[in-house]
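Which chain is which? The protein sequence lines are W and U, in order.
For the first sequence, position 478 matches number 478 in UniProt numbering, and the numbering has no gaps at all.
For the second sequence, position 490 matches number 490 in UniProt numbering, and the numbering has no gaps at all.
Bear in mind the hints are in silico, worked out from the structure with no lab data behind them.
Note that CB positions come from ideal geometry on N, CA and C, so glycine has one too.
Do not take every clue at face value.
Under the rule of at most 16 Å between Cα atoms (straight-line distance), these lysine to aspartate or glutamate pairs were calculated in the EDC-like manner [as the list claims (entries may be wrong)]:
{"id": "1", "chain 1": "U", "residue 1": "409", "chain 2": "U", "residue 2": "431"}
{"id": "2", "chain 1": "U", "residue 1": "409", "chain 2": "U", "residue 2": "425"}
{"id": "3", "chain 1": "W", "residue 1": "409", "chain 2": "U", "residue 2": "384"}
{"id": "4", "chain 1": "W", "residue 1": "409", "chain 2": "W", "residue 2": "425"}
{"id": "5", "chain 1": "U", "residue 1": "409", "chain 2": "W", "residue 2": "51"}
{"id": "6", "chain 1": "W", "residue 1": "409", "chain 2": "W", "residue 2": "427"}
Facing chain W, according to a computed beta carbon distance under 7 Å, are these residues of chain U, among others [as the list claims (entries may be wrong)]:
{"id": "7", "residue": "19"}
{"id": "8", "residue": "66"}
{"id": "9", "residue": "74"}
{"id": "10", "residue": "78"}
{"id": "11", "residue": "79"}
{"id": "12", "residue": "310"}
{"id": "13", "residue": "447"}
2 protein chains.
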Amino acid sequence: MITGAILIGREETHTQASYAAINPATGAALEPRFTTAGLPEVERACALADEAAVAFAELDPETRAVFLETIADEIVAIGDILIERAIAETGLPRARIEGERGRTAGQLRLFAQVLREGSWAGLTIDPALPERAPLPRPDLRVRKVALGPVVVFGASNFPLAFSVAGGDTAAAFAAGCPVIVKGHSAHPGTGELVARAIQRAVALCHLPEGVFSYLPATREAGTALVADHRVKAVGFTGSRPGGMALMRTAAARPEPIPVYAEMSSINPVVLFPAALAARAEALGAAFVGSLTMGAGQFCTNPGLVIAIDGPDLDTFLASASAAMGGSAAQDMLTPGIHSAYVEGVSALAGHGAVTTLARGVEPTGPHQAQGALFRTTAADFLADPALGAEVFGSSSLVITVTDMAEALKVIAALEGQLTATLILDAEDEAEAALLLPVLERKVGRILVNGWPTGVEVCHAMVHGGPFPSTSDGRTTSVGASAIERFLRPVCYQNMPFALLPEGLRDGNPWNAPRRIDGVLKLG
Amino acid sequence: MITGAILIGREETHTQASYAAINPATGAALEPRFTTAGLPEVERACALADEAAVAFAELDPETRAVFLETIADEIVAIGDILIERAIAETGLPRARIEGERGRTAGQLRLFAQVLREGSWAGLTIDPALPERAPLPRPDLRVRKVALGPVVVFGASNFPLAFSVAGGDTAAAFAAGCPVIVKGHSAHPGTGELVARAIQRAVALCHLPEGVFSYLPATREAGTALVADHRVKAVGFTGSRPGGMALMRTAAARPEPIPVYAEMSSINPVVLFPAALAARAEALGAAFVGSLTMGAGQFCTNPGLVIAIDGPDLDTFLASASAAMGGSAAQDMLTPGIHSAYVEGVSALAGHGAVTTLARGVEPTGPHQAQGALFRTTAADFLADPALGAEVFGSSSLVITVTDMAEALKVIAALEGQLTATLILDAEDEAEAALLLPVLERKVGRILVNGWPTGVEVCHAMVHGGPFPSTSDGRTTSVGASAIERFLRPVCYQNMPFALLPEGLRDGNPWNAPRRIDGVLKLG
């Protein structure tokens, strides 16, 4: 079932065999060898996607909803082969991979609901006012249409939920955009299995084959995909340098296109005084639980803690240090992620203004992360912006402040973030209220008395934030609103009935919410 | 009342006097002389805007709505001084300027309605599911917040509706963003009068002074505004090179920001066979009426006509040529626009594949436009992309095709456009249906049996389109949806009641439409 193929439309092709997947737990190569797409495959996939774009965009929403559900069914139907391959390629535990499969299917099904509900199309009608003086108003109607072919670069850390059939692919399909996935070399077998599931769903739903292609591609070919004139948007989850390179490529095109890159976040946690006084010990242990989950390989990993120096913080740090000291070494996803983590931790450990509070258990495997907890002062943090760089993995830096006013200064100096976490009790709320207006301008999600890892897939989620956490903080990559990334509005003025798109016709044939003369009406 | 000042917050300042406004009808300089903002003024305006940003963003919608209405009232209250100054600075007729003042006030009032209705805030709530297995769902709530300070570059061709208090400023204010306007040197007195009206409205509404500054600025200072780290978005209406320079500046910042640039559009008109057979003569005259209105200085000016060659087209062209031949020379807005127009027309007239069909009446004033009508074939047009460049003014190129399939090829070869116009009768609808899917991916507004000049300010307007008509075809610069350009979503997870933004609290205190657990509820 895994042949190492490139999938372009309904065909599969092979180039020169070039690499094997690595089991990060053992360092061993996995069978089979995978081939890599180059420029001819990019050309073919883009041509097919372009051919399919109009027909796919103009499908009725119900057919597209069924397509999304069919993909979910086909992924689940792969069964344990998918789970085992993903475990072997990522070193992640079975429960995590099974949960991620559920999430992947769930987000495809959520977008099916979104399509059926109809708000996504932004249907808006201002009827003609033929008698208006001095000039009559024409009949004006707006709906949203798909941008066109989308290229998706999957993440290494979510081999299912942010990869081939992950959030970006689901949102782009929902919007009516053909998708070309640039496969991630960290989980090529998992990628191929899922890509074949999508390929089957395209066939089962009788869609044009160009709706989906899967290119495990070279970096050069990935860049060529973003530069191709037929591609109209890009979704990316990965490193800051990687995302910024794609942003530059997209901006330099004769026709610039949007890049939705999720890149870098250290997710500050603010411990407020009353909460710290009430439960410092329990908080320390819970914090390390969030920090070390999945070897810290989450974009919402709590990489920064801000708290007032004093005995309560000492209690928190003692508890956190004890938990960190007992935290097992865990396999990281790839040798590259592991070496970047080791480098980031070494830089912090060797920094003159940083104290190492605790390290996790010594690694025994080749690519295992040893957790790390560091401490510095607000003054030192503010003096050296490098201390705010993301270290991807279970490393966190505690910043001590003299009061909450200094905490505000630290927050104001941070770059854009996906999340901020407030640990507080009722007595802390007045001080928290002073921080909120600044936090709201820095982050996409503010959470209270929880931990930032764990991102709910629902309508009211924002997984996005100001640069550099993402390239475009006006959108989210998780949840129902992600469909908006891949749509743009088109207005029809005095269009005869027969030429109007179905959703805009009189009588509301889609039974969707529509805004009529400025007034929102439910379907 | 016009002193040539720079307005920063509540203060006014003067630098070295440097230029006078020119009356384009006479070439004469107008009193007084105007001073120009440089880098110190940029620094001061950005600092004030940054200081005001949080307080302005967190105002209740009603207070912001009243602010918008107060600006409208203050502009109208200037009275005839404003009208006369705008006429003198632009050469536009009184009726046009008076209409534009009405439109400017009207769009400010439209955004006041938008704020009161509440959908703009995107209020979305997924209540907690504490019993859900395997994991409970937290309480998640989303609202939209202002991006932060916005820089607006006004257009030369709409001294009121797309300038100091124009659409971009109104939308940014509505969203809760402080605005710094880079004043246009083509109408500095008009600009100052309107800027003072906004300044008065800020004071009357007791808003922080940094909510608005007006910088008649050098090009260097304009670039510095876009590069300033406190600025979070840019609105621009003008030339393609000008817009693209701002896009590059914004993309090269340490924190890239969105640029909403409206740049270049030739607005194709497709004449379908039955309509042409039925009323070629009337269409020719009406077309020239739209083409020459306001000396053709509209971004939606019909610069391209596509029709099947034959006797009906000959009738159309004879009628259009006669109308063009009798069309008066009209003052253009600035010497620069006039010389660019003369250059563009000369290039077409001298092109080997282009025939000059008609010219307007010979100019008598120094900066008057002489209308121009040209003709070429589809094959020649497709062979030379330069023929698709915008000539800003009353110049249009008719492209003859052999059949509607060739028309489709011409459309497919076009760059992105603000509008496309279809002139058709009932018998043409089947052929029009074949063009629509391609047109929808090229343009922001498709209109039938009208002319593209004239843009209604309402809910169902899209004044935007794929690049290069705008830098971001996902949005509109005219109409209620323009507010979305300056907003981004923030999610609140398990936020205590006292810390929740008012609009997200239980009981719907704003009485706004909200999506609860995926279901849209009216206020």
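Checked hints:
A hinted pair counts as satisfied when its Cα atoms are at most 16 Å apart, and residue 409 of chain U with residue 431 of chain U qualifies at roughly 14 Å. Distance check on the hinted pair: residue 409 of chain U and residue 425 of chain U sit about 22 Å apart at the alpha-carbon level, beyond 16 Å; violated. Restraint check: the Cα-Cα separation between residue 409 of chain W and residue 384 of chain U comes to about 57 Å, which exceeds 16 Å; the hinted pair is violated. With a C-alpha separation of about 22 Å, the suggested pair residue 409 of chain W and residue 425 of chain W falls outside the 16 Å cut-off, and the hint is violated.
Distance hint between residue 409 of chain U and residue 51 of chain W is fulfilled; the C-alpha atoms sit about 15 Å from each other, no more than 16 Å. Between the alpha carbons of residue 409 of chain W and residue 427 of chain W the distance comes to roughly 21 Å, so the proposed pair goes past 16 Å and is violated. Nearest Cβ of chain W to the Cβ of residue 19 of chain U: about 34 Å, over the 7 Å cut. The hint is violated. Below 7 Å, beta-carbon pairs count as interface contacts, and residue 66 of chain U has none with chain W, the closest being about 19 Å; its hint is therefore violated.
The restraint placing residue 74 of chain U at the interface with chain W is violated, with a minimum CB-CB distance near 24 Å, outside the 7 Å limit. Interface hint at residue 78 of chain U: violated, since its Cβ lies 22 Å from the closest Cβ of chain W, which is beyond the 7 Å cut-off. Look at residue 79 of chain U: its Cβ only gets to about 20 Å from chain W, farther than 7 Å, so that hint breaks. Against a cut-off of 7 Å between C-beta atoms, the interface hint on residue 310 of chain U is violated, since the closest Cβ of chain W lies about 24 Å away.
Hint on residue 447 of chain U holds. Least Cβ distance to chain W is approximately 4 Å, under the 7 Å limit.
In the structure shown, a violation is registered for the earlier hints numbered 2, 3, 4, 6, 7, 8, 9, 10, 11, 12, in ascending order.
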